[in-house]
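Visitor: Here is what each chain is made of, one letter per residue.
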Amino acid sequence: MQHLINILIKTIFVENVIFAFFLGMCSFLAVSKKIKTAFGLGLAVIFVMVLTTPLNYLILRYLLFEGALGWIHPSLASVDLTFLSFILFISTIAGAVQLVEMVVEKFLPALYTSLGIFLPLITVNCSILGASLFMQEREYNFAETTAFSLGAGIGFFLAIVLLAAIRERLRYSNIPEPLQGLGIAMIVTALMGLAFLSFSGIQL
Amino acid sequence: MSTETTPVAVVEEKKKEGLFSKKNLRVLRDPLDDTNPVTVQILGVCSALAVTVQVKPAIIMALGVTVVTAFSNLIISLIRNTIPNRIRIIVQLIVAAMLVTIVDQLLKAYMFDVSKKLSVFVGLIITNCIVMGRLEAFALAQKPWPSFLDGIGNGLGYGIILVIVAVIREVLGSGSVLGFKVVPQWLYDMGYVNNGLMMLPPAALFLIGIFIWWQRSRNRKLINAS
Numbered sequence: 246m247q248h249l250i251n252i253l254i255k256t257i258f259v260e261n262v263i264f265a266f267f268l269g270m271c272s273f274l275a276v277s278k279k280i281k282t283a284f285g286l287g288l289a290v291i292f293v294m295v296l297t298t299p300l301n302y303l304i305l306r307y308l309l310f311e312g313a314l315g316w317i318h319p320s321l322a323s324v325d326l327t328f329l330s331f332i333l334f335i336s337t338i339a340g341a342v343q344l345v346e347m348v349v350e351k352f353l354p355a356l357y358t359s360l361g362i363f364l365p366l367i368t369v370n371c372s373i374l375g376a377s378l379f380m381q382e383r384e385y386n387f388a389e390t391t392a393f394s395l396g397a398g399i400g401f402f403l404a405i406v407l408l409a410a411i412r413e414r415l416r417y418s419n420i421p422e423p424l425q426g427l428g429i430a431m432i433v434t435a436l437m438g439l440a441f442l443s444f445s446g447i448q449l
Numbered sequence: 002m003s004t005e006t007t008p009v010a011v012v013e014e015k016k017k018e019g020l021f022s023k024k025n026l027r028v029l030r031d032p033l034d035d036t037n038p039v040t041v042q043i044l045g046v047c048s049a050l051a052v053t054v055q056v057k058p059a060i061i062m063a064l065g066v067t068v069v070t071a072f073s074n075l076i077i078s079l080i081r082n083t084i085p086n087r088i089r090i091i092v093q094l095i096v097a098a099m100l101v102t103i104v105d106q107l108l109k110a111y112m113f114d115v116s117k118k119l120s121v122f123v124g125l126i127i128t129n130c131i132v133m134g135r136l137e138a139f140a141l142a143q144k145p146w147p148s149f150l151d152g153i154g155n156g157l158g159y160g161i162i163l164v165i166v167a168v169i170r171e172v173l174g175s176g177s178v179l180g181f182k183v184v185p186q187w188l189y190d191m192g193y194v195n196n197g198l199m200m201l202p203p204a205a206l207f208l209i210g211i212f213i214w215w216q217r218s219r220n221r222k223l224i225n226a227s
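Residue numbers (the numbering used here), protein chains in the order written: chain A, 246 to 449; chain B, 2 to 227.
Treat the hints with caution; some may be incorrect.
What the hints assert, rightly or not - Listed next, the in silico DSSO-like pairs over lysine-lysine satisfying Cα-Cα at most 27 Å (straight line):
no., chain 1, residue 1, chain 2, residue 2
1, B, Lys57, B, Lys182
2, A, Lys255, B, Lys117
3, A, Lys279, B, Lys222
Unchecked claim - Here are some chain B residues pointing at chain A (derived, C-beta under 7 Å):
no., residue
4, Val46
5, Leu94
6, Leu125
7, Met133
8, Met200
9, Pro202
10, Pro203
11, Ile209
12, Ile213
Stated by the list, open to error - Not close to chain B: a few residues of chain A, all C-beta gaps over 10 Å, as computed:
no., residue
13, Tyr307
14, Phe310
15, Gly315
16, His318
17, Ser323
18, Val324
19, Leu344
20, Val348
21, Pro354
22, Leu356
23, Glu384
24, Phe387
25, Tyr417
26, Ile447
Source of the hints: derived by calculation from the structure; they are not laboratory data.
In this text, all values refer to a predicted model and were calculated from it rather than measured experimentally.
Note that beta-carbon positions come from the ideal geometry of N, C-alpha and C, so glycine has one too.
Assemble the whole structure, with the sequences as input and the hints as a guide.
Guide: What follows is the structure, encoded as structure tokens:
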């Protein structure tokens, strides 16, 4: 149990998806102008992340790994389909996002209108696919994968809300014209990244 | 994908047009500077930053992205009239995923060490916003050949930023380019030290931020672009 909490805290702070790996930077920079929308996108990312990463783990473990297909016929036991992981991962994510969109639209219309365009955009958010690929590379088991995906989602949420808060303040400051907008957002993100580096001293 | 898109160079259709007519060349050249995918369209920043500690992975990554963007643009443009609008995102993702799988397998077969260094970022070309952004904004509405050129142009525009950032980071961070020492020993003897900050992830963000600043003060019409 403690091991899982360690993974959770490590992925939120020490190995934050934004500040350590730059995953999901596109939507991170584009949707961080207002706290409210950033909050909505962050929540949606946590939700989709926790849904798809464990799902992809199951697909990888029971369909793609060498020997995983042995239960169909013994001659399939030596088949290794791991090279198909990209296509299956992205299909799972696209399908799951579509499903979530339909369910939310039907049963939680208020949430649907507040999330608006962000739900479909999550499909192409690098952090979602990135979480699945890290899960494959680091060879997590199912419980670790769940903890990792929750941590990665919360890490993204934290980062985007923090940046949105800073950018709301920046609107009133006197920034050189060519640096306004994207330029200063990059530099602020870099400074926040440096601040988050101080967590790397934590021994877990 | 970014919501802050810039106007795409419009290529008018003509019956007879040379392969390298002026318009086609503009499609190829514009992304290198005026509509650069990274600094102007804000696409593909995700992976642009993480692979730039050294020059070699950056070059490989740039080549990979160029190949994937060009060929996915080509394929989508060829089948653009048969894709139902509702499922176009999934079709685009599958085409991109197929090409990335090929690139990934080639890298694993011939350049295993680079492939290890790039780790998950090869797979992340699928969701690289450049690929999806160009498919949505260009290939779905244009003929195959301009789309192919547009893909190459955007891939190279991305590659240029990547290589510039990587060269600065490698020279200042470890005093070498592509593994060859460029900072002479006597400088170290005089007390010069490598800048550890350049090896850390945030350095790439600083560099790109400064690059955007420089580009926009040089070309002021980009200021209101986003």
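Visitor: Now look at each hint and say whether the structure bears it out.
Guide: Right, here's what the structure says about each hint:
no.: 1; hint: Lys57/B <-> Lys182/B; in the structure: holds (14 Å)
no.: 2; hint: Lys255/A <-> Lys117/B; in the structure: holds (23 Å)
no.: 3; hint: Lys279/A <-> Lys222/B; in the structure: holds (25 Å)
no.: 4; hint: Val46; in the structure: holds (4 Å)
no.: 5; hint: Leu94; in the structure: holds (5 Å)
no.: 6; hint: Leu125; in the structure: holds (5 Å)
no.: 7; hint: Met133; in the structure: holds (5 Å)
no.: 8; hint: Met200; in the structure: violated (11 Å)
no.: 9; hint: Pro202; in the structure: holds (6 Å)
no.: 10; hint: Pro203; in the structure: holds (4 Å)
no.: 11; hint: Ile209; in the structure: holds (6 Å)
no.: 12; hint: Ile213; in the structure: holds (4 Å)
no.: 13; hint: Tyr307; in the structure: holds (20 Å)
no.: 14; hint: Phe310; in the structure: holds (17 Å)
no.: 15; hint: Gly315; in the structure: holds (24 Å)
no.: 16; hint: His318; in the structure: holds (25 Å)
no.: 17; hint: Ser323; in the structure: holds (19 Å)
no.: 18; hint: Val324; in the structure: holds (16 Å)
no.: 19; hint: Leu344; in the structure: holds (12 Å)
no.: 20; hint: Val348; in the structure: holds (17 Å)
no.: 21; hint: Pro354; in the structure: holds (21 Å)
no.: 22; hint: Leu356; in the structure: holds (20 Å)
no.: 23; hint: Glu384; in the structure: holds (13 Å)
no.: 24; hint: Phe387; in the structure: holds (20 Å)
no.: 25; hint: Tyr417; in the structure: holds (19 Å)
no.: 26; hint: Ile447; in the structure: holds (17 Å)
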